[in-house]
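Participant: Going line by line, the protein sequences match chains A and B.
Residue numbering for the first sequence follows my numbering, beginning at 1 and increasing consecutively.
Residue numbering for the second sequence follows my numbering, beginning at 376 and increasing consecutively.
Don't take every hint at face value.
[Said to hold, decoys possible] Far from chain B, by Cβ distances over 10 Å, these chain A residues were calculated:
id : residue
1  : I72
2  : K110
3  : E117
4  : L118
5  : Q122
6  : W131
7  : Q133
8  : D166
9  : L184
10 : E226
11 : H234
12 : D271
[As the list claims (entries may be wrong)] From the derived model, a few chain B residues whose C-beta atoms are all more than 10 Å from chain A:
id : residue
13 : G463
14 : E492
15 : R503
16 : S530
17 : S536
18 : S728
[What the hints assert, rightly or not] To give a feel for the contact side, a few chain A residues facing chain B, derived at Cβ under 7 Å:
id : residue
19 : D14
20 : P45
21 : E79
22 : K90
23 : E267
24 : Y283
25 : H321
26 : L329
27 : I338
28 : R370
It is worth saying that the hints were derived from the structure and are not from the lab.
Note that CB positions come from ideal geometry on N, CA and C, so glycine has one too.
Take a look at the letters that make up each chain.
There are 2 protein chains.
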Amino acid sequence: MPLSKLRDQIDAVDQQLIDLLAERLRLVGEVGEVKTEHGLPIYAPDREAAMLDKRRREAESKGVPANLIEDILRRTMRESYASENETGFKTINPKMKRIVIIGGNGLLGKRFVEMFELSGYQVDILGRANWDQAQQICSKAGLVIVGSPIDVTESVIKQLSYLPEDCILADITSVKAGPLQAMLDVHKGPVVGLHPMFGPDISSFAKQVVVYCDGRGQDKYMWLIEQMKIWGAHLYNVKAETHDESMTLIQALRHFTSFVYGVHLQEVNADLKQLLDLSSPIYRLELAMVGRLFAQEPSLYADIILSQKNNLTMIKRYHKHFSEAIELLENADRDAFINRFKSVTNWMGDYSSLFLNESRVLLQQAHDNRHYEDK
Amino acid sequence: MPLSKLRDQIDAVDQQLIDLLAERLRLVGEVGEVKTEHGLPIYAPDREAAMLDKRRREAESKGVPANLIEDILRRTMRESYASENETGFKTINPKMKRIVIIGGNGLLGKRFVEMFELSGYQVDILGRANWDQAQQICSKAGLVIVGSPIDVTESVIKQLSYLPEDCILADITSVKAGPLQAMLDVHKGPVVGLHPMFGPDISSFAKQVVVYCDGRGQDKYMWLIEQMKIWGAHLYNVKAETHDESMTLIQALRHFTSFVYGVHLQEVNADLKQLLDLSSPIYRLELAMVGRLFAQEPSLYADIILSQKNNLTMIKRYHKHFSEAIELLENADRDAFINRFKSVTNWMGDYSSLFLNESRVLLQQAHDNRHYEDK
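Can you make the complete structure from the sequences, with help from the hints?
Facilitator: Structure (structure tokens):
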């Protein structure tokens, strides 16, 4: 059978591929060590873009699709970023006193504990178990980060009146205006609000967005921002109010519509197996994005949605737009639907085609992952 | 600088990587030719799973993450599938008379024209321009596929009373009960309803779902089902009514909520740039999935949503569940929200963790694609 001979040859190619990947990961590990030593960020956008561009051209000249080599290298870089975590990171502020993370036993808190330790800092964790020693532990701190659940963040902050005056006070809650004001009220020293835009299950901080809202004494906490850049994070500075306004869409409305969609699927007793069997890649993705919510902690989502009054206002506005759109359907007004659609397209401008391209790439990747049983 | 030396070594590894990929694509091209010759499907789930499993174990033994090699090979297989399109496909039914595709100038219709031609069939296209010759062209047909826009599908079908009795009549519309009944009414020969669950921009039919609903004379059209399997498609047999019921969720409600979300973003005049800057990978994905809708043809979506009365019923039920969920928030009833959430989690059973894992893989891929400008 000619097929088995070809397959043996493919096997041999794949062996060499694995060897090359092993070699590449080893070299990148060495790069990580050099970067740690010299305090270089693990994510270097320009260098990365230039490298990918070069590879694309080389690939094309050899008849290999440019997108193929780019996708493979991007995927491989994920491992590189993750392995650079193991090497450790340069200590940007070696004179820093101890760092206290309140809620450092929580999933996200733990990630920060780990990253600070990998960067050579001394970290203390404060939680329920040792809260009676909070004042004593904080007395040695140069940075206190509040990583408590959102519903108790402000009440935890209000207790921190005893911090040393040169201590930086920060939080990592997903609303910013309230906690930031509470921090400014309770503490006279440097204050900064942080919102890491990711969950605890990331493999590395590389390219992850961390939002920061200035409170007071920026020159005192800039090392912290630089430290997170060393981790590979993308730091984004914004006003607390602007942040919170965006979160009504990015978090509250998004989570709420997913919640309602889950409720709806249950209420109509949808046959999930059949929906998956029949689904397009797009709908499978939608189901996955809704379903993932329900594998997580309900209180987290309850608290995010209930964290600001504006969230309910935003949700109700969406609900009103939903009602209005239903009216178009009830009148079976095809032209009105089409006009309304076109008006959104115009408003979106270039973004709609950007989104189409971005989603196409992703749907292809989702499709790559697809597999069936033989029948 | 020790970095530049390491980078040169990485460059050299990447050169070899590109050479290996070129070699692998060449070998896979040869596999495609053998498959064409012997009429083997381009997607062989068991063979693929066994190969990936072997590679995972080999990679692990060499210190390469198993998921890395699997992801790279899956991505590479996408090119292989696409290249097998060029080789052509075995003709499953060499005695077949001509194939007529009504609407074969449309984007999806064109894909079918191309696939049948690559499989050695004679294809005629019927459209507005030559509709006056429809009867004459169809008189030589062994298979007529209606690929007209959804809003005219049934009226086109009703005109096809003159088909030869041994001719197979099929359609590729996204609702099935109505068109199927119309085909059975107008034509006495074999009838089958098809719904390709993908858009025209796929790179290959491999692993794409094609739903088929039996009409009449299955033994006469089974070659068509087999032909699509040769293309790599995953054929899924379902009753027309069951299909249409699922489509109220998979298509109508899904498209409608995306439409409303776009309207809502416009109405609140959301700052898309800022939303993207601030967004988590999850929200960016949501924006992309909504935004992509508005880069497409509005009439397509209008017609899908208006195609069955059940769609409006489903949309209104969702709207009612939305109203009920808002009431939970208005009462700031955290416990009620949490209980409702848990009830959905229970109802979903193992699916919620399946969805969490699936979406995690995809979100990591979305994150791999992310890039920033240096600041």
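Participant: Just double-check K110 (chain A) for me: nearest Cβ-Cβ distance to chain B has to come out over 10 Å.
Facilitator: Holds: least Cβ distance 18 Å, greater than 10 Å.
Participant: Would the non-interface assignment of E226 (chain A) survive a Cβ cutoff of 10 Å against chain B?
Facilitator: holds, 12 Å
Participant: Beyond 10 Å on every Cβ pair: is that true for W131 (chain A) relative to chain B?
Facilitator: At roughly 23 Å from the nearest Cβ of chain B, W131 (chain A) sits farther out than 10 Å, so the non-interface label holds.
Participant: Measuring Cβ to Cβ, find out whether Q122 (chain A) lies farther than 10 Å from everything in chain B.
Facilitator: Given that every Cβ of chain B is farther than 10 Å from that of Q122 (chain A), nearest at about 30 Å, it holds.
Participant: Hey, is G463 (chain B) genuinely clear of chain A, shortest beta carbon separation above 10 Å?
Facilitator: Given that every Cβ of chain A is farther than 10 Å from that of G463 (chain B), nearest at about 17 Å, it holds.
Participant: Please check whether D14 (chain A) passes as an interface residue: C-beta within 7 Å of a C-beta belonging to chain B.
Facilitator: D14 (chain A) check passes; min Cβ-Cβ to chain B is 6 Å, inside 7 Å.
Participant: Can P45 (chain A) be said to touch chain B, with a Cβ gap under 7 Å?
Facilitator: This hint holds: P45 (chain A) lies near chain B, its Cβ roughly 5 Å from the closest one there, short of 7 Å.
Participant: Was the hint right that L329 (chain A) lines chain B, CB cutoff 7 Å?
Facilitator: Since the shortest Cβ distance to chain B is 5 Å, the answer is holds.
Participant: Far enough from chain B: is every CB of that chain over 10 Å from the CB of L184 (chain A)?
Facilitator: holds, 22 Å
Participant: With d taken as the least Cβ-Cβ distance between L118 (chain A) and chain B, does d exceed 10 Å?
Facilitator: Its Cβ never comes within 10 Å of chain B, the nearest being 20 Å, so this holds.
Participant: Is the Cβ of R503 (chain B) farther than 10 Å from every Cβ of chain A?
Facilitator: holds, 20 Å
Participant: Taking 10 Å as the cut and beta carbons as the points, is S728 (chain B) off the interface with chain A?
Facilitator: Not fine: 5 Å to the nearest Cβ puts S728 (chain B) too close to chain A.
The structure is inconsistent with the numbered hints 1, 11, 12, 18 and 22, although it conforms to all the rest.
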